[in-house]
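Number of protein chains: 2
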Amino acid sequence: MRGASLSKNHEQWLRALHRKKHRREEKCFLAEGFNSLGAALESHLYPLRELIVDDGHKDAVMEVAPRGLPVLICSNKTLSRISTEETPQGVIAVCSERAFSLGEIEVSAPCTILYLDRISDPGNLGTILRTAAWFGVRRVFLSSSCVDPFSTKVIRSSAGMIFFVELYRSVSGDEVFRFAEEKKFRTIAAIPFGGDSLRRLGRASRNIILLGHEREGLSEEIRTRADLAVSIPGAGTAESLNVAVAASLLLYEISGEI
Amino acid sequence: MRGASLSKNHEQWLRALHRKKHRREEKCFLAEGFNSLGAALESHLYPLRELIVDDGHKDAVMEVAPRGLPVLICSNKTLSRISTEETPQGVIAVCSERAFSLGEIEVSAPCTILYLDRISDPGNLGTILRTAAWFGVRRVFLSSSCVDPFSTKVIRSSAGMIFFVELYRSVSGDEVFRFAEEKKFRTIAAIPFGGDSLRRLGRASRNIILLGHEREGLSEEIRTRADLAVSIPGAGTAESLNVAVAASLLLYEISGEI
Chain A
12 MRGASLSKNH
22 EQWLRALHRK
32 KHRREEKCFL
42 AEGFNSLGAA
52 LESHLYPLRE
62 LIVDDGHKDA
72 VMEVAPRGLP
82 VLICSNKTLS
92 RISTEETPQG
102 VIAVCSERAF
112 SLGEIEVSAP
122 CTILYLDRIS
132 DPGNLGTILR
142 TAAWFGVRRV
152 FLSSSCVDPF
162 STKVIRSSAG
172 MIFFVELYRS
182 VSGDEVFRFA
192 EEKKFRTIAA
202 IPFGGDSLRR
212 LGRASRNIIL
222 LGHEREGLSE
232 EIRTRADLAV
242 SIPGAGTAES
252 LNVAVAASLL
262 LYEISGEI
Chain B
12 MRGASLSKNH
22 EQWLRALHRK
32 KHRREEKCFL
42 AEGFNSLGAA
52 LESHLYPLRE
62 LIVDDGHKDA
72 VMEVAPRGLP
82 VLICSNKTLS
92 RISTEETPQG
102 VIAVCSERAF
112 SLGEIEVSAP
122 CTILYLDRIS
132 DPGNLGTILR
142 TAAWFGVRRV
152 FLSSSCVDPF
162 STKVIRSSAG
172 MIFFVELYRS
182 VSGDEVFRFA
192 EEKKFRTIAA
202 IPFGGDSLRR
212 LGRASRNIIL
222 LGHEREGLSE
232 EIRTRADLAV
242 SIPGAGTAES
252 LNVAVAASLL
262 LYEISGEI
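Those sequence lines, one after another, are chains A and B.
The first sequence finishes on residue 269 if you use this note's numbering, and the numbering steps up by one all the way, no holes.
The second sequence finishes on residue 269 if you use this note's numbering, and the numbering steps up by one all the way, no holes.
Keep in mind the hints are simulated off the structure, nothing from the lab.
A portion of the hints provided could be inaccurate.
No more than 20 Å apart at the CA atoms, straight line, and that leaves these computed lysine to any residue pairs for SDA-like [stated by the list, open to error]:
1) A/K164 / A/E250
2) A/K69 / A/A15
3) B/K164 / A/K69
4) A/K164 / B/W24
5) B/K38 / B/K69
6) B/K164 / A/P133
7) A/K164 / B/E225
8) A/K164 / B/P133
9) A/K164 / B/K32
10) A/K164 / B/R167
11) B/K164 / A/E250
12) A/K164 / B/E97
13) B/K164 / A/D207
14) B/K195 / B/R109
15) B/K38 / B/G14
16) A/K38 / A/F111
17) B/K164 / A/R109
18) B/K164 / B/E37
19) B/K38 / B/L28
20) B/K32 / B/R109
21) B/K164 / A/R150
22) B/K69 / B/R109
23) A/K164 / B/D132
24) A/K164 / B/S251
25) A/K19 / A/V75
26) A/K164 / B/E250
27) B/K38 / B/W24
Construct the entire structure; sequences and hints are all you get.
Next comes the structure, spelled out in structure tokens:
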């Protein structure tokens, strides 16, 4: 319904979407704020199901909401209860999760894909998605124990850019390497030390960048099966870089090559 | 005292150090975990004042603690109350804040400095410090309304690398440009769009990279006074990059130039 008021029951259901289990069951997630809304309206990868808006923002939201999309109105106070932000932005989009599968991918050259092996911090995952979108990377594979990409923290850190990235979930190492072989992708493992210098990375038009867990890095299996391992040359005292920083440097270098 | 037990009063004093105001008054801050301790022991930029350790880690800490440094012992439960970590790591270092001033800087060429204009997120600041340390950048200037660099969130995000970076606080735009002129630094403003491509940044051995607030960017004054403005070429849909990602790309490009 357009402009109906939000029921108490529905509020409960929305708040339960803060829990991963409930998101999984309902196959949907919450995205807060106008940035996310704009991205969701533009991209269509994760379709909008309904919008929740407070009184103060209903006119602005009604203006952009497509015909037929339910818009539910509530008080500022109610919205704060549904929101996970310290200062809620007045609108929350309910969007559909969607499962992409490797079999459907049609590859155009050049193409870069990220494979994230057990990334555990939502801020890191969100920042990686934002950076991927910046460099035009449309596909990100996630291993089975990555943090849930549809948590509000990930979406916030992605600055809404999650809506422009196809997320492939629970992708095993085996599947990645089989995909890479079939579709002729080069696989590049990012490791903190001992790899080839990122600055001397040769060209290839199809690349899969492999990045691992914040402390533990890539699993042994993935590291050894990759076509090459690269490290970021440093001059200083730090032992490692943040994984989102490492991802961005690889994406920058590779997007300059092709 | 070495190996004395922690008093209730002292616990109160330590917990008050979570507040910026108290840190400022006492001129010290808390750094948690063995990474930070190792960095603090190695660097000496922010001298250790005392260590707080729980029963389970006292032997490990006594082994590395310099003679004369007070080590206070407490229960695991007490340490959890002082800690801001979800899973405290058994040791907390109390370190001295130190005020570095621009007048003392002796510049060796090549040299890169960061100037951070109103960076507000502690995770971003910490990640920038960690990346700076990786690329051998030893000096970071902070504008007056940057987030407090000695909050535990910043220190955690820096992975202890804050101990290798001289922090110059409340540095105004005027001071930066006067310093740059005197010491013959090139000033480079990072802007989301419309600057020269980062990939075509010419060489200079002395650079100051200017980075601004997460949403608002650099102040007008700083942007217009900089020698040049650069943007990171992107192919995608994102409107901007995370500021710590932008910082890392500039540092990577500049450290390859010199």
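These are the hints, each one checked on the structure:
{"no.": "1", "hint": "A/K164 / A/E250", "in the structure": "violated, 27 Å"}
{"no.": "2", "hint": "A/K69 / A/A15", "in the structure": "holds, 11 Å"}
{"no.": "3", "hint": "B/K164 / A/K69", "in the structure": "violated, 36 Å"}
{"no.": "4", "hint": "A/K164 / B/W24", "in the structure": "violated, 33 Å"}
{"no.": "5", "hint": "B/K38 / B/K69", "in the structure": "violated, 26 Å"}
{"no.": "6", "hint": "B/K164 / A/P133", "in the structure": "holds, 15 Å"}
{"no.": "7", "hint": "A/K164 / B/E225", "in the structure": "holds, 16 Å"}
{"no.": "8", "hint": "A/K164 / B/P133", "in the structure": "holds, 15 Å"}
{"no.": "9", "hint": "A/K164 / B/K32", "in the structure": "violated, 29 Å"}
{"no.": "10", "hint": "A/K164 / B/R167", "in the structure": "holds, 18 Å"}
{"no.": "11", "hint": "B/K164 / A/E250", "in the structure": "holds, 19 Å"}
{"no.": "12", "hint": "A/K164 / B/E97", "in the structure": "holds, 17 Å"}
{"no.": "13", "hint": "B/K164 / A/D207", "in the structure": "violated, 33 Å"}
{"no.": "14", "hint": "B/K195 / B/R109", "in the structure": "violated, 26 Å"}
{"no.": "15", "hint": "B/K38 / B/G14", "in the structure": "violated, 24 Å"}
{"no.": "16", "hint": "A/K38 / A/F111", "in the structure": "holds, 13 Å"}
{"no.": "17", "hint": "B/K164 / A/R109", "in the structure": "violated, 34 Å"}
{"no.": "18", "hint": "B/K164 / B/E37", "in the structure": "holds, 19 Å"}
{"no.": "19", "hint": "B/K38 / B/L28", "in the structure": "holds, 10 Å"}
{"no.": "20", "hint": "B/K32 / B/R109", "in the structure": "holds, 15 Å"}
{"no.": "21", "hint": "B/K164 / A/R150", "in the structure": "violated, 31 Å"}
{"no.": "22", "hint": "B/K69 / B/R109", "in the structure": "violated, 28 Å"}
{"no.": "23", "hint": "A/K164 / B/D132", "in the structure": "holds, 14 Å"}
{"no.": "24", "hint": "A/K164 / B/S251", "in the structure": "holds, 18 Å"}
{"no.": "25", "hint": "A/K19 / A/V75", "in the structure": "violated, 26 Å"}
{"no.": "26", "hint": "A/K164 / B/E250", "in the structure": "holds, 19 Å"}
{"no.": "27", "hint": "B/K38 / B/W24", "in the structure": "holds, 13 Å"}
Going down the numbered hints, you'll see the structure goes against 1, 3, 4, 5, 9, 13, 14, 15, 17, 21, 22, 25, while the others check out.
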